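Given chain E, work out where chain U should sit, using these hints.
Protein chains: 2
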Amino acid sequence: MNPSDPAPGEPRIECVPNFSEGRDLTVIDRIAGAIESTRGVILLDQTHDADHNRSVFTFVGEPEELETALAKAAAIAVESIDLRKHSGVHPRIGAIDVIPFVPLDGSSREECVALARRVAHFLWERFEIPSYFYGDAALTQNRRKLENIRRGGFEGLLKALPDDAERRPDIGGPGLHPSAGATAIGVRKFLIAFNINLATADISIARQIAKTIRESSGGLPAVKALGLELPSRGMTQVSINLIDFERTSLYEVYGWVKHEAERLGTHVAGSEIIGLVPRKAIEMAAERFLQIENFDSGTVFENRLREATRKSEP
Amino acid sequence: MNPSDPAPGEPRIECVPNFSEGRDLTVIDRIAGAIESTRGVILLDQTHDADHNRSVFTFVGEPEELETALAKAAAIAVESIDLRKHSGVHPRIGAIDVIPFVPLDGSSREECVALARRVAHFLWERFEIPSYFYGDAALTQNRRKLENIRRGGFEGLLKALPDDAERRPDIGGPGLHPSAGATAIGVRKFLIAFNINLATADISIARQIAKTIRESSGGLPAVKALGLELPSRGMTQVSINLIDFERTSLYEVYGWVKHEAERLGTHVAGSEIIGLVPRKAIEMAAERFLQIENFDSGTVFENRLREATRKSEP
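From first to last, the protein sequence lines are chains E and U. Quick note on the numbering used here: the first sequence kicks off at 21 and runs consecutively. Quick note on the numbering used here: the second sequence kicks off at 21 and runs consecutively.
In case anyone wonders, no lab produced these hints; they're calculated from the structure. The structure displayed is predicted, hence computed values, not measured ones. Just so it is clear, CB atoms sit at the ideal spot from N, CA and C, and this is done for glycine as well. Heads up, a few of these hints could be off.
[Unchecked claim] One-sided and incomplete, this derived list gives chain E residues near chain U with beta-carbon spacing under 7 Å:
id : residue
1  : E266
2  : L270
3  : G290
4  : N314
Chain E with its partners taken away, still in its complex shape (with noise of 0.2 Å):
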């Protein structure tokens, strides 16, 4: 057996879907209904945030099962809500704001971008609701970064569109949905997002030390960072999103920020994980942690044991 194909009946493509809805828990409650009840579909986590206004689900699948799951999600989206009332901290451009597909064992890269080239079309015919392509399934080297299609947020493409040509969607427009606003759909890696509180109000320091160590300032590769205030906490946050984490990894990004925080006279309050981790990156910052010269994902009883299983099945 190829080491890089899935065990049988392993799900093959990761869906992670953001909507502009974080308050309201019978529209989150909805959705959640809709993805659950998708046959094939398993959804594996579900969050929310009231600062952000914004939820985000992880569930996997094959492609006609996620295109399902994420048709019945929409509708009740684009039904529930308006993006002309909503308020967050979070960046956003459309209730059905962001759809990554991650491509896990046993699918590639290509055949994600093709799911997500479907999806967006039927947003566009179903809703009237034009997307942009980022990361891998981007068709210009800008919009790979999702900050760049971002920029200004649903108010800020409501002023540039229809007449900015740079700005105008890849698929449906050239003008927003009056509600939904638009939708970026992308191909990626798995992300980490992980907030670091800080134990100040202060949000100049947050986001002093989310400029020092995101890429797009000259910090560490593959990380994006953003400082936040967290109203309900009376906090701030270092909102990191790690999209390479063996390029930069939890163990790092966690150290940039507890030595800038204790070098700006605060300290590191917490950290929280948003959705799932990897297993990989969590055996990383124990083995950086505790020096462990001879670590692999072997070394771990469970990994050596369902290799072991797998090796010895005919």
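Chain U alone, transformed into the frame defined by chain E:
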């Protein structure tokens, strides 16, 4: 499905025998071959160390399968290892020095104790090797601790027996096997063997740190530790067993050794896991180090997927 039930086909008992041969690869390979060739047994790991002059094999299976593998491995050890000519930095009492059984999900302490008894009788009847029971298989409180059985090593037992009634074997005896000594057979939790190397050749520092952290000298609960020389590397080592990593974790023991080493003017050069480490112990280290507030086993993508897949099966 009860969460403590294993998935169908998952092994129920782990066995981790230690043999007093860490230099002669021919013998080590023959022992490995004997285990691997036993139907139903999966050999997960083997390590050997020249300074310790010791080899450790980790395998899983059903009770009868483990007995068969141990019988074959013991025959090779009895024929090849002579304690009268053996030297090494690790304490030992026999050729088949110690045989621990660990109940996994789906087995019990009781089932493993019964297995330990059968193996002890077998070693006596077939090879005239006497046994001591330790851990949860111990017949007296004093013998729960392996170090009480092992005190003075093979040479110490040779002097004490057969006269010292306090030190007589539980099965067989009253004297030792002339070349193969005795065997300690136990039932215990998953043990983590974690060695931390110090950037100093001064053995007194390693010994002092070991004394500070081990439970028997008033240190950390469920921690055993010895200071050892590593002549082949020009270093010293704090050789640690965590016998209950949920009481004292990798994170804590590493933190203490690092702190003490720095206080004594040296530092940690690196660490190593001997054998395997449970997934949960690695996750706990990463969680503590990264200060993740919302972490549980299901935060890890692969764990969540496995749980979800099991749940969705009929």
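Here is how each hint holds up against the structure:
| no. | hint | verdict |
| --- | --- | --- |
| 1 | E266 | 15 Å, violated |
| 2 | L270 | 6 Å, holds |
| 3 | G290 | 4 Å, holds |
| 4 | N314 | 5 Å, holds |
The structure fails to meet hint 1 from the earlier list, while all remaining hints are met.
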